[in-house]
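The lines below spell out each chain.
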Amino acid sequence: MHLLSRSEEIVLLAIWKLRDNAYGVTIREEVGRLSGFPWTIGAIYAPLHRLEKKGYVKTRQGDPVRERGGRRKIFYAITEIGKQTLVKTREIQDEVWAEILKMGPERA
Amino acid sequence: MTSFPDRPLSPPRRAAWMLDRMAPLDIREQTRDDLEELFQSEAKATSPSAAGRWYWKQVLKAFPHFAGEYLYWRLMMIRNYALIAFRNILKQKIFSLINILGFGVSLSLGLLVISILADFHREDRFNPDARRIYRVISTVEDKGAVSERATAPLPLRDELENLPGVERVVRLRNRLNEDARCEDIIVPVSGLYADKDFFDLFHFRLDKGNPASALSEPFTAVLTRNLAVKLFPKQDPIGRVLTIGELGDFRVTGLVEDLSPKPSHVRFELLASLSTLESLERSGKIKPIFVDWKDFNQSYVYLKLKDNASPESVQAALPGIVQRRAAFPNLRIGFSLQRLDKISPGIVLSNELSYAVPMALVYVLLGIAFVILAIAGFNYMNLSMAKALRRGREIGLRKVLGAGRSNLIAQFIGEAVVIALLSLVFAFMLLQFLKPLLLGLNPEFRTFFRLEGFDLDLLPAFILFAVLAGIIAGFFPALYLAKFVPAAVLKDPASADDRKRFPIRKGLIVVQFFLSFLFLTTTIIGLRQIRFLQKVDCGFHPSGILNVDLQGVALNTFKQSIAGHPGIRGISASSFVPATGVSWFDAAHIEGRIEPEDVSIFSIDDAYLDNLGLRLVSGRGFAADVRGESEIEVLVNETAARKYGGGTPNGVLGKTVTFENGTPLRVVGIVGDFLSQNFNGSVEPLFIRRAPGQYRYVNIKLDPSRIPETMSFLTARWKTIRPGLLFRAEFHEDQINASLAYFKAIFGVIGGIAFLAILISLLGLTGMVVFETEARIKELGIRRTLGASPMDIFLSLSRKFSRSLAGAAVAAIPVAWFINQMYLRTFVTRIKLGPGSLLSGTILILGIAALIIGLQAGRAVRTNPARSLRNE
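If you read the protein sequences in the order shown, they are chains A and B. Read in the working numbering, the first sequence has 6 at position 6, and its numbers run on one by one without any break. Read in the working numbering, the second sequence has 731 at position 731, and its numbers run on one by one without any break.
Among the hints, a few may not be true.
Chain A regions said to be covered by chain B (calculated; three or more residues, Cβ under 8 Å) [what the hints assert, rightly or not]:
| no. | segment |
| --- | --- |
| 1 | 15 to 27 |
| 2 | 36 to 45 |
List time: in silico EDC-like cross-link candidates among lysine to aspartate or glutamate, alpha-carbon distance up to 20 Å [as the list claims (entries may be wrong)]:
| no. | chain 1 | residue 1 | chain 2 | residue 2 |
| --- | --- | --- | --- | --- |
| 3 | B | K57 | A | E29 |
| 4 | B | K196 | B | E281 |
| 5 | A | K54 | B | D26 |
| 6 | B | K643 | B | D598 |
| 7 | B | K655 | B | D703 |
| 8 | A | K58 | B | E29 |
| 9 | B | K262 | B | D207 |
| 10 | B | K304 | B | D341 |
| 11 | A | K58 | B | D673 |
| 12 | A | K58 | A | D20 |
| 13 | A | K53 | B | D341 |
| 14 | B | K287 | B | D457 |
| 15 | A | K53 | B | E29 |
| 16 | B | K61 | A | E29 |
| 17 | B | K285 | B | E246 |
| 18 | B | K44 | A | E29 |
| 19 | B | K44 | A | E67 |
| 20 | A | K88 | A | E9 |
| 21 | B | K285 | B | D341 |
Pulled from the structure, derived: some chain B residues nowhere near chain A, Cβ distances all over 12 Å [to be verified]:
| no. | residue |
| --- | --- |
| 22 | G52 |
| 23 | A62 |
| 24 | M76 |
| 25 | H121 |
| 26 | E178 |
| 27 | N226 |
| 28 | N442 |
| 29 | F448 |
The set of hints was computed from the structure by calculation and includes no laboratory data. Backbone N, C-alpha and C fix where the C-beta goes; we use that ideal spot for every residue, glycine too.
Put together the whole structure using the sequences plus the hints.
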């Protein structure tokens, strides 16, 4: 199991949170809200592409939509491995955080 | 006007097109559609034009993300191919080893060629102004004979300096090869005369002295560090005085840095100011050269263009200069510019300053590297196609699992590249041995290339070369392997082995061995010819003859001073040393001929014929003349006698011959033909004179038992006569051998190539035989149990290869005969091309091939048939 890069992690978290409604536009919105600044579409899709190739997300086609020139939305959903990876990533982070906090004040 | 309020706006067309191009295929649609959706809401919130700008920005910003993504997956793919390649290499150790060794050997040769070419390419490139420095070269058409020369007349400088685009002109003059001495130290030097701005054009640094003024005054000289150490071992050379030959005393005004890191066609140990020659010209010691437009054989004119000047404008002004200053009847001169970095390697010019590597040599080297690479590539192709049988299942399975043709091709090429890169490691080590080996073949090689250092700067070129070699070698097997039909190979792996439909492999073996036979035969014949020439009867006896260079010392003075020494058996004098490639010509009026003819001449004294053991065929030798100073008679060789005798050779006796500026001489004797000039060419008509003015060498026949004693006696005597000049003496046999050094070097190189070609071919054969034995081990086992003898097994195994090898031999022998016959014809005396010379190399290789097959047959015989047959 690979560790996730930060952008992959955030995108994956957003997909998990959005449940059935995760596609490019909503993911971008959610990621922007989480991080506090807008992401370009390329910054979303590069990690998304990688996540899909690694098997952390899967896709599903939605209904055709007028705003998209009559084409279908492609929805993303997190897979079981995706969830495990997120949990693993979090565990590592928690562990490191706990150790840092245990160390007490920094000595110069 | 109808409007469609409902119809959505479309995003900027070009931006959409760009996005389509760069998004990875599997997310292309969603990227496009999501962005369009966002674009629509953006347009509603702001304005269509603002939305368009926003869209553009999104697309442009996406580029680095997608580019990174592309590279990421590319690298992953390459990593995967490399991984698979490594696994396959480890799985098939013998084949991999054979491939790596064979590939490595040929790559090392390629690396050697790259190193040599890199050395060629470094010539003069260190000069930061190399692209605006030009040399003026001349085309001279004299009575219809056109020659291109690296030289140009000295007065050209003043004309060039007046041209608007020219910043600086510097002239050089050669033939400053004299002995330099300081007190009792004498060192022969090769130098150049140079204009005072020399250091402005040629970027050699002065360790000591002022570059701007070092060469301005007459009789000043700049030394290289090497020479300075020899001449002034202890003192600082600056300001000291050294005597150069008969020219006079020179003050040392500068010390040049070590020149070895700056390879240049301008090579010198010493630079003397060109104004020295002006001073000598004024005092009448040399003929006028500074105004002589016909003096275009010894001077070199270089110019530096102004920063923004075009060479074309200068080039265009050159014909005008010729018209104004250098227009002569019967002699047409043309000047043109040659850029500094195009001199070497470049076109071949006469009067080259030092050496310029001919462009043809570069191509020849590239050709050699290509041939060797082809042989190694053949090997790789051959073996991997043979392996195909084993890999049939793997390939079939990959195809079934969805690997496309291009994936498979990429994988197999990847394997070849990994093999090539592993070979590169081996090749690089081999290269470090090859370099001294090549330089050792001929000391003169060092003037063309140095091959110093560890070539780390060439490493990128080496790697590129190896990768290219891998791609080329892997290409055909990849195409072949990718063609397999999965269903067929999975059902019956043997169907992959479509040997009958794929005749190239057999062809490859034939080509490899053809080249091996050809090179080895040529090497054997060449070495035989060299050995033959070393022992050949030159028509005289050079053994024990020591040739002393007179260097202007009067013959009689030297003769008298050494006469009577018991170690000396004979003394004579000659104008040059025969059979060493030197020849002299003069125009002669021969009785019975209307036009004067250019003939070979050779000057000797009375004692020469006896001393060297030359044979008189007819007539007599020179009449004894006590003073030996009046020239009234001439001898000819047999060839001249036949040519000028008018029917009978003896008819030449009594005829008169008059050389340019001479009195008529009477032919009194005919000397048996001997090798006067060179091993190449044929024996030319030769006129043997007794012209004391032309004597250059004293030929001393030494008593072989007292050579060391006599040598020290001669050296001591020379010192008393000419303390300022080195004693220069060489044995005649050594001189003849030295003139053969070029042939030896050439055949050394050909022999090296032969060795590599044979090695690679035999490695390939080994691989093929090992494979064949493995594939047929069951069949051979059955044959054994049914009573086949070891000999039968051997014959059965070798049948497949013997026809290819025999074919290669049958093709190679006539070609070898033809090529060798062609160059042997250029020798005066040559070996006969008998079956021994033509067949021995081929038989040797065939013997080794039989041995390889025999070893494998032995292995097959020793394998217990019960074991090989059991697992089915």
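Tested hints:
no. : hint            : verdict
1   : 15 to 27        : holds (count 3)
2   : 36 to 45        : holds (count 5)
3   : B:K57 / A:E29   : 17 Å, holds
4   : B:K196 / B:E281 : 18 Å, holds
5   : A:K54 / B:D26   : 13 Å, holds
6   : B:K643 / B:D598 : 14 Å, holds
7   : B:K655 / B:D703 : 39 Å, violated
8   : A:K58 / B:E29   : 15 Å, holds
9   : B:K262 / B:D207 : 15 Å, holds
10  : B:K304 / B:D341 : 13 Å, holds
11  : A:K58 / B:D673  : 96 Å, violated
12  : A:K58 / A:D20   : 12 Å, holds
13  : A:K53 / B:D341  : 53 Å, violated
14  : B:K287 / B:D457 : 50 Å, violated
15  : A:K53 / B:E29   : 16 Å, holds
16  : B:K61 / A:E29   : 17 Å, holds
17  : B:K285 / B:E246 : 11 Å, holds
18  : B:K44 / A:E29   : 17 Å, holds
19  : B:K44 / A:E67   : 11 Å, holds
20  : A:K88 / A:E9    : 11 Å, holds
21  : B:K285 / B:D341 : 37 Å, violated
22  : G52             : 15 Å, holds
23  : A62             : 2 Å, violated
24  : M76             : 9 Å, violated
25  : H121            : 43 Å, holds
26  : E178            : 75 Å, holds
27  : N226            : 61 Å, holds
28  : N442            : 60 Å, holds
29  : F448            : 54 Å, holds
Hints 7, 11, 13, 14, 21, 23 and 24 from the list above are not met by this structure, while the remaining hints are.
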